[in-house]
Structures are given as structure tokens and as C-alpha cells.
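There are 4 protein chains.
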Amino acid sequence: MIIVMKHRATAAEIGTVVSQVEVHGYKTHLSQGTERTIIGVVGDDRPLENHQFELLPGVEQVVRILKPFKLASRDFHPENTIFDVRGVTIGGPELVVMAGPCAVESRSQLLETAHAVKEAGATMLRGGAYKPRSSPYSFQGLGEDGLELLAEARDATGLPIITEVMSPEAVALVGRYTDIFQIGARNMQNYALLQAVGQTRTPVMLKRGLMGTVQEWLMSAEYILSGGNYQVILCERGIRTFETATRNTLDINAIPLLKQWTHLPVFGDPSHATGKWELVAPAAKAIIAAGADGLIIEVHPHPEVALSDGAQSLKPERFAELMNDLRRLAPAVGRTLS
Amino acid sequence: MIIVMKHRATAAEIGTVVSQVEVHGYKTHLSQGTERTIIGVVGDDRPLENHQFELLPGVEQVVRILKPFKLASRDFHPENTIFDVRGVTIGGPELVVMAGPCAVESRSQLLETAHAVKEAGATMLRGGAYKPRSSPYSFQGLGEDGLELLAEARDATGLPIITEVMSPEAVALVGRYTDIFQIGARNMQNYALLQAVGQTRTPVMLKRGLMGTVQEWLMSAEYILSGGNYQVILCERGIRTFETATRNTLDINAIPLLKQWTHLPVFGDPSHATGKWELVAPAAKAIIAAGADGLIIEVHPHPEVALSDGAQSLKPERFAELMNDLRRLAPAVGRTLS
Amino acid sequence: MIIVMKHRATAAEIGTVVSQVEVHGYKTHLSQGTERTIIGVVGDDRPLENHQFELLPGVEQVVRILKPFKLASRDFHPENTIFDVRGVTIGGPELVVMAGPCAVESRSQLLETAHAVKEAGATMLRGGAYKPRSSPYSFQGLGEDGLELLAEARDATGLPIITEVMSPEAVALVGRYTDIFQIGARNMQNYALLQAVGQTRTPVMLKRGLMGTVQEWLMSAEYILSGGNYQVILCERGIRTFETATRNTLDINAIPLLKQWTHLPVFGDPSHATGKWELVAPAAKAIIAAGADGLIIEVHPHPEVALSDGAQSLKPERFAELMNDLRRLAPAVGRTLS
Amino acid sequence: MIIVMKHRATAAEIGTVVSQVEVHGYKTHLSQGTERTIIGVVGDDRPLENHQFELLPGVEQVVRILKPFKLASRDFHPENTIFDVRGVTIGGPELVVMAGPCAVESRSQLLETAHAVKEAGATMLRGGAYKPRSSPYSFQGLGEDGLELLAEARDATGLPIITEVMSPEAVALVGRYTDIFQIGARNMQNYALLQAVGQTRTPVMLKRGLMGTVQEWLMSAEYILSGGNYQVILCERGIRTFETATRNTLDINAIPLLKQWTHLPVFGDPSHATGKWELVAPAAKAIIAAGADGLIIEVHPHPEVALSDGAQSLKPERFAELMNDLRRLAPAVGRTLS
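Chains as they are written, first to last, in the numbering used here: chain A, -10 to 327; chain B, -10 to 327; chain C, -10 to 327; chain D, -10 to 327.
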């Protein structure tokens, strides 16, 4: 932390700032220029982040140098985090594609989709049993019945499953079924939920909030990691901007940026990021070309009657075409996809 | 709902759309132009919102006419909602000012602030016992001890209290102490929490999410109202935009817009909306001039050592000046403030 | 400027940075902490802003301390800038209200409006002769004929006029008629145009761009000021955000922020900032309550047939009501309006 | 255009709307539902866009069906636009990479860069002679001297050149040198400039404004096309959002969306879209994977002393590596790059 004093700060004002820092056990280092005095705080001063030195008389600006996340940082853990979910390796050179319907609607819908995405090459099955819907009058998911259908589809296909958990008290129940917890965009800063999944040892996919900065997102991952659960996947799914021609704006820059800043696996969700099935394939390819470790994609056998997100769901045959395209693309960007 | 067919849609395509609508029990009305056929759906078609008629062959565009919220709408309830909280009337001509520290830090800090804001004219006390913090390493609030201090400050001053609840399982505990539940910005779309407070009969202040549209915000209110809890206050607290010179961007337009669209009381939070204490007073006056029913403001006796949000907290003497300014302003915009 | 070196920066790397700074004639001041070395650059280092010290080996971060605008800054010119336009004082305690149609459409439309707004208390007439339209097929304004009608309306009513100039080569022509040049939002960073009006001695109203930060806006004002034209009004007219329920988002925070940062007069445009006539009056009151020096408002006798911006134009009788409201509001916020 | 009347609109109100439409020569088609009357306007009603039917009594909503751009639309011109610039084909299967320094700084800097990018496989040279800078005190470019150096570099390497034009009166001068006019992001809605380049027959690269929607961008292209200049390239270069970890947010969705909506060639600028050289290569690959026809990339032999945009410039050796990566990628996404 660097504290820049105002042009005409008095010696007394400088002294007060110095003593306010030192009372917390930090050393300071003064740099007296012709116009301004600069006070450097020596050491890891993250614990001081709440202290409003900006408000002390004579202070012009406080510059925080250290990034506020630690466990999620590559400084702390230089190698990529790689982990296994029922035989599927996440974060390694092999790309991982998770696919399935937005919501589990029925046994036949789920099983038909599960077999189709497996056939096309997906290695994990997605499907929502609890759906966060902006309207209380919309279909909210099948609940535990949906979880049971997911488990049945896993048994039938061998695909591990990922499904969303929406509240701390549902963590135990959902955890009995799922192989990966999905934390949805609206819950990126639902800290009680983050703490609850941090207490489990089930992997977590943390989706980016519509308005979450990359730094805030990593701070949310830090909540999970600091609970002792180190198996966290970050999933870019589009942010909210002024552009309304697409449902969200896929922040493709975030993918290589995350790869610099963190060791955690990075995925992309081209379905939510575009909101339009015609854009899903090009967005998926861009995500992989930008360096992501995998994708999560909505597939529905009959999108026009889907109970949610039909407009952004691929039909199985289009998903199969995309998988073929990705198989051509993967080696051109140093990855594999079998 | 209006379904616009493409230029060259065939009779068969039109027939399919019509039958897909009618199978749900709705009537349709066809308008055959020279270039396009337009299919109007007759009646309250909100239940059809999940149906992706956009995906049927030959469809160009689907236009939804009805706003998706009902109970929150002025169409449904033309008069202003007015209710009483321990003798304080919310939503009436008298402005209501809630004030207090961001976080309850200690008995002396809270009591000193409570007496000061009462003295200055505030009629309700705010203070956080559970704090949503972006870092797991930051001060997270005093928890139930904080709630007890709030109850003690209420006893000492007679001011009703408002405090934040962050998870569904905390609703019962917080509800034993607070007079109004505050739902924070990060939880605007935490549907499990909205449903939980909707089941109580304690009033709720629902803050706008950093990225929530006004329509989404009213849909979140709808979650509470549809649980049978009709005492909901909407609080504009700034949205996230590209401008970083202030912590958030106060969406002042939202205040008169809400007054048109909904019967619920509308408040503003100039502390979070600006993030800078020097801007709190002008923002507070703008909020009242735009037609809000009240304010919630952060006051701290020693902002420079506050454990959270010091930079945006007013000192008691500045808060008292602002109250004086508001007393002059209120009658000029048709309100009272005693 | 402060240059923060990386944790393990070598003495050679530090030496290179120091010599790269000193070669430009600046002194440096080293602060050697236990973990990092910090290099302070002594003096007004704004001329170094293009130098990418970030890219030198061993550099972690470069922190620029000084705001990049000078002539627009209150540091440079502590008192408010106040100037006179044909007898109307801009920037003083008396509020100034400019009103008139978005576009000059005809002699009768303009004269009818001019008389009506004068009657209601406006002291300046606005009207566009050249209109920036997003479509090349839309009405683009009457051009010089419109300028002549504005001059005629000024003669008839005594109201000074303000009109938009859209390109450098039009500055001479528009300048022969107008009392104030308006630079529209889309041209906030049209530097050739800013330089052209900076060479004149006619006052300029510089509207904020839809996506201009407050700092960039002041840098654009700096282009005009640095040409020697010191009569610049800043006009907040709404920024673009994710919210689409209103045409733009009025950044009300910007008004008190500008009053802190700059000595230039600050106006607000509630018509563009909301895009809806029903919201214009509350937004106008909020702008004044936040501390602005004046308003510019669209008034049209027949908004439903206006050739542009009808939806946000007030009818003369509603404008007169608003002026009455503002006369009550002004003294409550320390201003006058006669 | 569809005009939706309010629930209780009277026959007289409906009649007024109908006659207001028909007076402009359009036919109407009424659809009388149980709750609402809907009035369809028959024919190409784009000329009615200024008419504020929303303001007529009894009108609830006006829905515009037609996209406002015509010449830029794929409906109007289904095949891809392909054109030749001094032997380089734009818009065909072969990818085009334009590269060079942000600003022309000196003869040696430009020639060194030009030879290096040609060597690496670029087929066009970029370089700014006139630079739009947010500060009037920053380096503004070499002006005509810069244009002469560009022409010299073209002679030396055979690479056609692209350079920015910033004002209508500079079009003639810049046009004597350049092979493609670049319109910068800040000028996307500088209509006088768009009209001026629309009068020439020199190809134009139109960059997206920081806050321009895809639809507005195509309307700006329409200004150029409607002047008779059909050789327009659209270049996505990042939009402004709340995320500040990167300079801009690359809207990768816009690339496939444009490919659907328009026949014009689409490029991407990974330098401005990221603002950080470390992110340029992954962003460039994503742009190509998403379906763009080419790239424009900043390359500088000594970024640390560049007079502008050093932080986002690639060194020649890194640019050569990227070109190798793109040669592997191109065939995997159905393109060629020699």
C-alpha cells in the first residue's frame, strides 16, 4: 500500500498517518519529493484493506498494490490445478465438453439428450433440477425428482453429472446426487452458499455473475478455496453490457486473463453468453481458441417446446456437428479432443 | 403476444404456429398484410412466456406486450402502498430517513450513532450484523451479538431497526430482532431468500442489484409479494456502469419510473450510490427531488476507522446539516419532514 | 508517477528504469522496502504519460497520481467560472433554463415555441438546425434556413440562442448566428471539432458522450480551453448503461463530482437523459437539487408530430408547470430563479 | 410497424391513429382482440420512424418490425461483399492480416516495422499519421509527413496501407495517400465524416464505437453505403463495459452476428480490444475462430518507448509467432492463410 499525501500536507498530518499505520504493526517508508510525500507500507498489508487512510487529513490517494485474492492466485500456486471427476480429467490438455438440457423436464427428454450428447462426444451431462427464474410464475425445475433422473441418466450413459445448487440448505441434498456443484451467475456473490459448498469436497463450477469483475469473481472463488475445497472451475458465461442484440456479451478477454492470474481450470458457456443458438458454435470455437479448458453447452431435442432457454439450445445433430468442428480445432490450438 | 411471420412464410408454417398457440387454450387473430402475416394471441398469455415460438419455422419475431410482473404493478393496485413500522409510516407524504453505521462494530459505536441520528431527525436505525463482503478475509459482522446491540439501541432510542438478512436459514433468527429485513444488492435475485422473507409478515427493503434492470427488480419484488408479504420497499442504491469515478451510478431516473410502474414505496441510498461522503448530501437531495419516499444513509462517528464503508459514511454533524437541508427541501417538492 | 518494481526485480532492472526516467530530465526517489522497491518520479510528470514504463523488465505497476486535465481543474482555477451571454449570466446563483424544440422544423413551430418558453420563464432558446441522426434516411435538419429562423426568433423574443455545430467546417457559418455552440454527445471526442470551437471566442456547451467518463469529458473540455476559449459549459445528458427502460441513464452523481473537480458551469439535460416526457420534470428537479447551474429542455407544441425526439419533449403548458415547480425548489437549494 | 392500443382505447382514439397512419399513404390492418386492438401498418414503413404514434391518446406501445438499415443488410445483398485492394482480396476465404505501429513515429521505426510484418506474413500495413488522443497535450501524430512515410513504406514493401482520417476536410489529403480509410471508434457517429468518405471510392474500415450497438454501427455503415461507396469493412475493436481489468471488452458475439446480418467483411482488432500485449494472441485466435475475415494488429519494434499504445503492441518476433499459430488455425475453421 502506498499513501500519497497532498501537496501541502503538514508534518503533523504525515505523522498521524505514519502512526496510524504503525499501530497495526507495519513499518513505513517515507519518500519526500519536492511536491509530495509518499508513505510506503512495508509488508503484506492486505489486512489493512478496511482502514480508510483516504479519510485522514492531508491524504490525497491510497494505492493498493497487492491483488486481494491469494489461494486462487498463480503467485500462490504456479501450476495449473488439474483434478478428476469420475474418470474425466478437468484442467488437462484434453478438452472437456459438458452438455445437456437447461432444465430436466422429463425422464424421456433427459435420457434422449444424455445418449445423444454422449454419442456426439460429450464427457459430462448437465441439467438443472432447481432453476433460478426471474419470474415466480415460471417453471422452477423438478427438484429432487430431477436429481433422481440425472442419477439415472448417469447410470445409463456413464457420464458424470453437473447440476445447480441454489441455497446453502440444499447443498446436502444436491450433494448426494451430483458430481459437480454448479453455482449460477446470480449467486456468484451469495456468500452463504459459497461457504456451504466450500465445506464439501465435491468440485464446484463457479459461473461469473452478470456484473462481476474478474477480480470479484476470483474473490468469490477464494470463499470456496478458503473453506478447503480446492476443486473449483471458473466458467465465463457472458456479462451484461449495453448491447441487447445478444442475451449477454461473452467476455472472451477474460479467458486468457484468468489463465494468467489463476491456476484454476477455465470453462466457457456459449449458450448463455449468446442466448441464440445460431451463435453458439462460433462462440464455442472462440472460447477454445482463446485457451479455455472446456465448454458447457445446452442441448435439447426439441428446443421449441423447452421449458427454459429453448432459444439458446442446440439440437443434438447441430451439437454433433459442433463437436466435429471442435475436434478439428483442438490440435490447432495445442489441445486434444477425442 | 404478437407473432410476426417472415416475409415468405408458408401457409403450413402459419398453420403450425396457430395450432401450437391454440393447443394451450388461447385464441389467435390473424392479420394478413401484403408482406407479412401477424398472429395475435388473445388474452393474458403470460403463462406462454417459456414457449419459444421464435424457433418455429417461418417465425421472424415474437413481441411480448404484457409486463411480466402483476402484484407489484400499479395496474393491479393503483393506490400507493402505505404501511406502518412501529409508528413510522412508510410511503406516505412524510419522508422517512433511516440512518446508522454500515456495520455494527461495538456497543458504544452503535449507541453513539443511534442517539446522534435520532437527535438529527432520523426515524429509523440501520446497522449491519451480517455483512456481505467480497473478500472472505474481511470483517463479516458481529452476527447475533450485533442483532442484540441493535435491539438495545432500539430500546434506548425508540427508533425501529432495519438490518440485512443474507440467507434463508437466517430469516428466523434475524426476524426475531429486526423491524424490517434488508435484502442487499448482491441478493436481489437470490430466489430462495426472497421466498423465505415472502413467507414472513415482516416488512422488507429490497435493494436493487448492481446489474438489475427495473423490470427484473420488480420481478424480484413479485417473489416476495406472491408469498403473501405485501410490505415491500424498493431501494435504489446505484448500478454498475463504465464510470469508475464514483463507486456506483445512482440511477435517478428509476425513481420516477418506479413511481409510475408500481405502488410500492421507493427509497434511495445515497451512500452506496456514490461511495464518497462528499457526494452523499447532493445525491440525497436529488433522490428526494425526484420523488422518493425516503432515504437510507450511512453515518459513523469515526469514518476513518470504520470496519466497512468508511469512505461513504457521514459524520453525525454532517448528517445533521443534511437533515436541515432536507427540511427546507421537502415542502418545495410537496413532502413533509419534521 | 510512482513505479512499483516486482518482488525480485534486480538492481540492473531498477537502474534501467531510473535512467529511463532521468533521461527525460526528471529526478527519482527510491524507496527500498523489504519486498519491493518503489521509484517516485519528482515533479509534474504529465509529459511522460506516453512512456510505457510498465513494459520495462522488472516493473510491476505504474501509478499515475496527477489528473491529466489542467485548465479545467479547480486546482488551477479555484473560483467558479461565470460569464455573460447577451445579458444572461451563466454559472452564477441564478439558475438558467434553456428551452425549445429538438429540431427547428418551421417558422411557425419555432416562433410559437420561443414565445411560449419565454413566457414560462426560460432565458435562452435552443433548437437544432443540423441534426446528428443515426439513420441517413432521417430528417437531418433545415441547415442554414434553420439558423436564420433561430436568429429571427431571437429578434422576436430577446432570447439568446444555442444550436449544435457538427463539423469543423461548419463552425464559421454556425458562429455567425449562434450565441452558444452546442457540441453533441456523439462529438464529445471529435477533436477536430473541439479544436475548431476552441479557436473561436463564442461560448460552448459540451455535452457528455454516451460513454464518456467524467475524466475524459474534462479532457475534451481541455481541448477547447487550451485553444484559448474559456467559456465552456458542461452538460450531463445521460450515459449508456444496461438499463433500457429509459433512453439513457442520468448520471446525477456527475453533477456534484464536476462541481468538486472543475470551475466550469454544469448543466443537465433531462430530456435526453430520460427519453420520456413523463420523467423530465422529476429529473429536472433532481438535477437542480444536485447542484447544477441550469437546464436545457426540449419543448414542442405538438410532440406527437415532431420530426425528432417527440417522445421526450414537453408541451408548453407542462414546461410552464415545471418552471413553477423549479421556482419553489430553487431557494430551498440556495439558488434563485426569477 | 405494429401499434398496440391500450386496454380501454376508444373507437375515436383508434380512428385517430388509423387516420394519422393513412395520411402518410400507408394502409392499416386492424386486429380486434378481446382486450386490445392492434393496428398493423402495411408496407415498408421505415419513413415513418420519426412519427411518435406512442404519444397519441390510447396508444400503449409501438413495435417497429423492420431493421432500420437496408444497403448493409443481407436481405438486400445476400452474397458476401468481396473487393480487392491493390491485389489483396478482402472478404474472401483467405484471411487478411493488417499490421504495423499505432502511430507513425519516424522513418526508421515505420520501415523496420513494415519489413518485419511483411516478413511474418501480413499483407497490409497500418499506421496512424493523425492520432485521436484524449489529451490535447499528447502526441497527435506526424500529419502529412506521416502519410509520406507510409507511402514510402508501401513502395519499399509492396504492402497496401491503411490509415485514419479524422475530419471531413482531411479526406482529400489522406485520400491521396491511403489505400483504405480508417474511421476510428470515436468517430463511428461523426456523420459529416461518414458522408465525406461515402463520396469517395476508396475502401473504408469502420471501427465500432466504444458504446455503439451493432445496429447503430450498421446504420453508420449505411451512411457510407448510401453515398455510393460500397467497399466497407466493419472492425470490432472492443466496447466499453464495467470491466476494467482489460482496456475494452472484445464483443466476440458481434462477429457471427454481423455475418448473419450483413454482407460486409468483418475484421477484429485484438490490440485495442484487450489493451494488453499478453492477451493479443489468444484474442486474435478467438476472432478468427468466431468467423472474422481478418485482423488489424499493432506491432512496434520497441513498445516500451512507443509514443502511443505501447502496452498493447506486439514485438515483431511475437507477431511472427502469432502468424504461425494463425496458419495452423485457419484451415481448422475453413479459411486459408498463406
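Just so you know, these hints were derived from the structure itself, not from any lab. There's no promise every hint is true.
Copies of the same chain are indistinguishable here, so a pair counts whether it falls within one copy or spans any two.
Claimed, not checked - In silico EDC-like cross-links for lysine to aspartate or glutamate, where the CA-CA straight-line distance does not exceed 20 Å:
{"id": "1", "residue 1": "Lys56", "residue 2": "Glu43"}
{"id": "2", "residue 1": "Lys16", "residue 2": "Asp73"}
{"id": "3", "residue 1": "Lys265", "residue 2": "Glu38"}
{"id": "4", "residue 1": "Lys59", "residue 2": "Glu101"}
Quick rundown of the hints versus the structure:
For a Cα distance limit of 20 Å, the shortest separation of Lys56 from Glu43 qualifies both inside one copy, at 19 Å, and across copies, at 17 Å. Taking identical chains as interchangeable, the C-alpha atoms of Lys16 and Asp73 are never at most 20 Å apart, the minima being 44 Å within one chain and 53 Å between chains. When the C-alpha separation of Lys265 and Glu38 is checked against a cutoff of 20 Å, the pair qualifies only between copies, where the shortest distance is 17 Å, while the shortest distance within a copy is 42 Å. Taking identical chains as interchangeable, the C-alpha atoms of Lys59 and Glu101 are never at most 20 Å apart, the minima being 43 Å within one chain and 37 Å between chains.
The earlier numbered hints that this structure contradicts are 2 and 4.
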